[in-house]
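Just so we're on the same page, the working numbering is the position in the sequence shown counted from 1, plus 643.
These are computed hints drawn from the structure, not numbers from a lab. A portion of the hints provided could be inaccurate.
[Unchecked claim] Across the chosen pairs, the derived CB separations fall in these ranges:
(1) T796 with R871: 51 to 61 Å
(2) R1561 with G1165: 57 to 67 Å
(3) R978 with R747: 20 to 30 Å
Beta carbons are placed, not taken as given, at the ideal position from N, Cα and C, and that holds for glycine.
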Amino acid sequence: MTERLPLHPDAAPPTDKRVDDLLSRLTLDERIALLHQFTPGVERVGLAAFRTGQEALHGVAWMGPATVFPQSVGLGATWNEDLVRRIGDAVSAEVRAMREHDDRIGLNVWAPTVNLLRHPLWGRNEEGYSEDPHLTAAIATAYTRGLRGTHPTYWRTAPVLKHWLAHNNETLRDTSNSSVRPRVLHEYDLKAFRAPVEAGAVAGVMPAYNLVNGRPNHVSPYLREQLRTWTGQELLVCSDAGAPSNLVDSEHYFDTHEEATAAALVAGVDSFTDHGTDSSTITGRIRRALDQGLISESDIDTAVRRQLDVRLRLGEFEDRDPFEGAGAFDTEEHRALAQEAAEQAVVLLKNDGLLPLPDTAHIALVGLLADECKTDWYSGTLIRRSTPLDGLCERFATEHVTFAEGVDRVRLRCDAGWLYVPDSDADASVRGAEGALDPALLAGRTDLPPLTTVTESGTELALVDWGNDLLTLRAPDGRYLSVAEDGFVRASAEQPGGWVVQETYTLEQHGNAHLLRHTGTGRYVAVAADGVKVAEQGTAFQVEYVERGADAVARAAADADVVIVVAGNDPHINGRETEDRTTLALPDHQDRLWRAARAANPNTALALIGAYPYAVPDADTELPALLWTAHGGQAAGRALARVLAGDVSPAGRLPQTWYAADSDLPDLLDYDVIGSRQTYLYFEGAPLYAFGHGLSYASFDYDGLFVHRGADTLECTFTFTVTNTGTTPADEVPQLYVRPLDMPVPRPRRQLLAHRRIALAPGASQRVTFSVPVADLGHWDVTRGRWSVTSGTYELLVGASSQDIRLTTRLTLDGDKPAPRPVLVDGLDAAAYDEQRGTAIVDRTKTSGDAVTATGPDAELLYNACDLGTNGVSAVRVTVAGAGTVAIGDGGTVTVPATGGPYNYVTLDADFTARGVRDLRVRLGGEVRLARLTFIPRGTTV
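Construct all of the structure, not just a fragment, from the sequences and the given hints.
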C-alpha cells in the first residue's frame, strides 16, 4: 500500500512526496493505462479506479435525478457572482452526496463552459455565460470556486474549463479553422480562460474540437505557451470525446494515430477521452508511439503526475475522506437556491406599464412553452418541476388562469385509414431517469405497441412546427411519436431528446398529400401490416386540421384581462450541440401565436424562454411588454410567475447583444471580432436590445462619480452612488465601461470593466466602488508584441447597460506612446497585421508558429506605420511555403514556385524600394503561405 500521510486541514497536500511515491511504484503499463478517461485501479499500490469527466454545467447531469438550475446563459444573465458561487457549491455538494451511493459519479467535473457567446446562432449558446470576456470570466470564476469548495486544502470537486479555444460553431466543428489574430487572441478569447485559472479554482481545461490558426486545439502550443504559465499548480488537460481520433480520421492532420496521440500528449493532453469505456485503443496507440520513439517515458510520467496531483487534491489518498458526510442532495436550501437563480435570471426587455400584473387579473396563458419545463442535453433528471402554468395557477389561483397551448390539432389519413395510437398499460418510466454515463446510448422504448390505422376517427395529434419545417407530433396522453431501434413508430417519448433526436419529422409534398419524413433516420413513415414503421418508401397522408393553434389562442385571449404568450425553443431541436441555428427569427408557428393574441387583446406580453437571443422587432413595436429568460431549471415556472406578479422585481441583464435581424450578423465562422465588428464591443449597428440591457419595476438614480488613481498608478478606483427612487424593493446592476478615445488602432466602442448586482429598498442608496487595474484599459500591441496601455484619453461610462449610460468622466493616462513598427530591426510576422481581407491564419509548422494564406481572390494584409528607415530599403525577403505570389506595396512581387508542401518554407527576395514611415499592404495569391517579411536596407548586398 502507498504511504498514508495525515490530513492537515491548514496545509497544502504534500504533493511531490505522495505523487512521486505513487508514480515510482507504477509499472509502465499501469502508467499508460492512467492516460485514458476510464483508468483501472491498481490494488497493489492502493490506487482506485478513476474517470475524468462528470458533466455539471448547471447541476449534476446524466446521472439521474438532481437539482436542476437555470441554463448557463441564464446564470450569465444574473450578473451575480455570489449567487453563481453558491450554485457551484450546491452542485459540488450534490456530486459528493450522489457519489456516496453511486461510484460512477466522477469528482473531476467538466464545467463550466467559458466559450464566449460571440455568435448568437451557435447551437450551444445555452452552455456559455456571455459574449463579453470580463463577464464570462467573472461568472466562471465564481462557479469554479463553488465547485472547488472552501476547504483550505482539499477540493470538493475538480473543475475543468470547456472548450479551449475560440470555439463557437457546431457546423464543421471538428474540421473548421478559427482564424484568430493576435489581438483577438489576447484581448478576447484567452481572457475568458485566464481569470478563472489565475484565481486558483480550476483543475484543468478541455480542448475544443476545432482548429485555431490551422492547428487542432488538441495539439495547440497555447496550452504550453499560455495556459500553463498562468498558474503554479498542475493542470489536467482532458480531451473532448473522440477528438484524439479526429486528428487522423476527420482532420487528416496526422497520417497515423500513433503520431497524433504522441503529438497531443507532448502538447499537453493528459487524459484521452476516446472509444468510450474501452481504453485498449488509446493505450495501444500510446505504447506503439513509445516504441516508435515518438514520445518518451518522461512524457507519459508528466501526464500521469498531473492526474495524480488532481486526485491528491480531491483527498482520494487519505485514510479519511475529508468530505465524508459533507454532501447534500435536494435539500430545502438547494430548492430555494434554484428558485432564487431562476428569478434573478429573468430579463425584462420592455414594459409600457402592463407589468406587474394585479392580483385580481384574469390571465390567458398561451403558447407552446406555457406548460413546459424543458431540460437540455446537459441537465440532470428533474426531481420536481414548475411550468409557467403551474406558477401562475399557484400565484394567482387556477380560476384566474385560462390556458391554451396553441398547438395545431391534426389527424392523419391514408388509404388504409386514420392513424391511430393504441392504448397501453405499460408503465410510465422516464427515459434517462436511471442515469447513464452516455445518454446518447439510451434506447427508445419498445414495450409499447406501435401505431396502426383504423377506419374511423383516428387519433388527434398535437402538431408543433419548431422552425425549419421541423415538426413534433404528440399523442393525447402527452407522449411524443418516436422511433426506436426496431423502426416502429410509437407514442413513447416524454420529451424530444437523445444525441440523435427520434421525435422530429418533416412534411414533404407528395401530389395532393404529404409524406412524413422521420429526421432521425431519414426514412419515411409507412403503414405496414404489423404496424406503422419507417421505411425507404413512405405512405402518403392527408393532414386534417381539427383546430389551428392560433384560433385557440385568440379565443382565450379575447376573454382575458391580460395575455401572457410563452414562446421559445426546445433545447433538443434547431440549435443544440452538433447543430447551429439558421436564423434569429422566432419560428413561424410561434410568431402566429403572439400575433393572434395581440389581435384579440392588446394587453399582451411575450415571455421568451430560450437558450439564445431572438430577433423580434415586430413584437417589440406592437406589444407593451416582453421578457426573456433561459430555460430556468426546476423552479422556472414559479420564478416567472413571481416576476410577473411583482413579488420579485426583474433585474436580469442581457449577457449578449440581441440583434434586430440576421443581416446584422457576421459569418458564423468569422472569428475576427475586431475586423468584422462583432459583439457589443465593435458592432456599429443598432441592436434590438443592447448588451447589459434589462428593465426594472423600480427606478434608479446614479450620482456623484469620483475617480481616484493610486500613487503607484497601477489601479484606478471609481465610486458613485445608486439610489432606488421607486416604490418597490429591487436589484440594480450598475456597470462600468471604458471607451478609449482617438487611439492609433481600432478599440472597442465600449468595453465592460466592472459590474455589481446590488439590492436596494425604496429610497435607499448605496455607494458603489469599483477598483480596476490600469492594465485592463490596455490592448495587445502587435507592434511591440505585448500588452500595452496607450497614452491618451479614456472615457469612463457608468450606467444600467452598455447603452443606458448615466454618468461619464474622462481619464488621461501616461502610458506607451504610439510608435511605428521597427521593421528594419524586427521584420514583420505575417499574422501580426492591423487589418486583413480575404485571408486566414494557418499553422507555420504542426507544433508552433503562424502563417497567413489567401481564402479568396483579393487577399490583402495591412501593416500600419512601418518604419523603413531614413535611407530606406532596396529589397524584401519573404519566408513562404506553398505556391503563388506575394506582392508588397506598389512593387516587389515575389513569385513563389511550388515548395513541395505547406510546411516546406523557403526564403525568396524581390526588389522593393521605400523609405520612411508608411503603411504597407501585402497581397497574397494562390496557395502561398506567408510566415514572415524582412527588409534589406539600401546599400546592403542581397
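Hint by hint, which ones does this structure get wrong, listed from lowest number up?
When the structure is compared with the hints, only number 1 turns out to be violated.
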